[in-house]
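Produce the complete structure using the sequences and hints provided.
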Amino acid sequence: AWSGAVQSLILSVMQSPALDRWIEWLDAYLSEKPLWPNQKIETIVTSRMVGALLARQPDRSDFRDWIERDLSLARSLSDRTIRLEALHYATLAFLWLGDFRRYEHLLGEIEQTSTSDDFPSRIWWYWSKAVYINQAPSGPATAIPYIEKGMELSVHHGIMFWVPFFLAEQFN
Numbered sequence: 001a002w003s004g005a006v007q008s009l010i011l012s013v014m015q016s017p018a019l020d021r022w023i024e025w026l027d028a029y030l031s032e033k034p035l036w037p038n039q040k041i042e043t044i045v046t047s048r049m050v051g052a053l054l055a056r057q058p059d060r061s062d063f064r065d066w067i068e069r070d071l072s073l074a075r076s077l078s079d080r081t082i083r084l085e086a087l088h089y090a091t092l093a094f095l096w097l098g099d100f101r102r103y104e105h106l107l108g109e110i111e112q113t114s115t116s117d118d119f120p121s122r123i124w125w126y127w128s129k130a131v132y133i134n135q136a137p138s139g140p141a142t143a144i145p146y147i148e149k150g151m152e153l154s155v156h157h158g159i160m161f162w163v164p165f166f167l168a169e170q171f172n
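Residue 11 in the numbering used here sits at position 11 of the sequence shown, with consecutive numbering throughout.
No lab work stands behind these hints: they were computed from the structure.
A quick note: this is a predicted structure, and the numbers were derived from the prediction, not measured.
Be a bit skeptical, because a hint or two may be false.
As the list claims (entries may be wrong) - Ranges between beta-carbon positions, derived for each pair:
(1) E32 x G98: 32 to 38 Å
(2) D27 x A168: 31 to 37 Å
(3) L35 x D62: 14 to 20 Å
Cβ coordinates follow ideal geometry from the N, Cα and C atoms, glycine included.
Right, dumping it as structure tokens:
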């Protein structure tokens, strides 16, 4: 339940103060009951905590600990969907932290983990790759193939949410 509430807040209004209350609640819960029903739930909650901290408290002293825990749990799961979600949150966190080496490494991991029929993850990967390339000296010219392919997949599958993100990278 916690992870569903947090996910909806992350996706709808990342700057919502309600996320702070959910972060506080999880901190209190974990101080009393640090056990999880299973590893999948622990992974989902941990990855969404990374998203919540990224949105509201990225300067928190244990932010990197949450990211590392997220990655460790994700890599031990066989569930590709949960693993990809965890990798996506970690990728965003490393981008925000300016850790481009780790960001690039995770892009490779996402590319290997996602499949061609997993178009949401492929779209994410193309956008993330374009963002990364735009940080490099070669910049936008070399990002264009990733932008075009990501937009093509977005439009083809009717996921228009991504189109403005790709356009923003094209003019970065």
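Consistency of the hints with the structure:
no. : hint                   : result
1   : E32 x G98: 32 to 38 Å  : holds (35 Å)
2   : D27 x A168: 31 to 37 Å : holds (34 Å)
3   : L35 x D62: 14 to 20 Å  : holds (19 Å)
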